[in-house]
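Chains as they are written, first to last, in the numbering used here: chain W, 1 to 282; chain H, 1001 to 1073.
Fair warning: there could be bad hints in the mix.
[Stated by the list, open to error] Chain H stretches covered by chain W per the calculated footprint, using a threshold of three residues with CB under 8 Å from any CB of chain W: (1) 1002-1009; (2) 1033-1040; (3) 1043-1051.
Derived by calculation from the structure, the hints in this document are not laboratory data. From a predicted model like this one, the values you see are computed outputs, not experimental measurements. Every residue, glycine too, gets a C-beta built ideally from N, C-alpha and C.
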Amino acid sequence: MTEEHRAEALVSTQWVENHRNETHLRLVEVDMDREAYDQAHLEGAVGWSWQTDLCDRIRRDIIPEEALDRLLSRSGITNDTTIVIYGDNNNWFACWAYWQLSIYGHRKLRIMDGGRKKWIAEGRPLTKEVPTYPAAHYMTRGPDVRLRAFLPDVMRLMAQSSSSLVDARTLDEFTGRVLAPAGAPETCQRGGHIPGAVSIPWDQNCRQDGSFKSREELARLYESRGVTPDKDVVAYCRIGERSSLTWFVLKELLGYERVRNYDGSWTEWGNLVRAPVERPPR
Amino acid sequence: MPERPEDYQERQVSIEGHPARLRTFRLGSLFYTSVDNVDPGGVLVRVEGSTREEAEQRAIQEARREFLAYTHR
């Protein structure tokens, strides 16, 4: 894996400011809440909601194929469009969108490094104007199930030394001291973590300005915890969005071949009857 | 017309005993403030106001309600 590969997945705020009006490129903002987009966003950016646009609310699933076709079509996106995704929280939900679009085979994908926070801190232009684009034709490919882990996969990998589970939640969630971060609803019955998982909270991937750490720093972070490129790696968190950022780092910035996001995450595992859970003694 | 955000600032405070981070910037005549829970950083509220003080005070009040509604100790 080289810096070239990293450069393919990431674009800088300056690059976006220089290229944002190019017709083959579409900016997409995905935040923790839609209010951020409504307050102001990059000129020309469409806003997607992870809670309504990027999921199947009935089945608790990622966006169905036909719904993704419709979403992309109404966003004026074709199979050849380069999609640059950004959002708040150092791109948590931007990575969630990136992961789903990867599953469905969209190849020209980029994350704006640093996301909304860095753009605003640098004083780059924002607008309230919501753009409209002529409907485009989009045909989804996939899904590529190698990028997504389900419960049986995690059950199987948990016991294998050739695999690594990465818990991207806070240390307090990992140890079971809390069931959810402060101010967030508790979505599980028990605290702790999946046996054998290592704790690498999502924010260890990022710098203070919201951008990703260097390739060398990230490689050191994961390899020092035994999460090496030769393993089957599964990342998880509470609902799968923080771990999509971990997935992005491992897959797209470090080039790990076999890395999956377990979007069932602790909301699924922490509610299972008789599922094994590790937590330190109190 | 697009405008450039100005006066971006962030600082940490304590709300109901929980660490909280305020981020505020000005866009045109309005100040926009968000509050997150620092670790992991989930945004709890976003508000706007005509001054920095007004936006931040409102944000803290609304965040207090969120912390009290959802956090169990």
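Comparing the hints with the structure gives:
1. 1002-1009: holds (count 6)
2. 1033-1040: Three-residue rule met by the region 1033-1040 of chain H, so holds; n is 5.
3. 1043-1051: holds (count 4)
Consistency note: the structure conflicts with none of the earlier hints.
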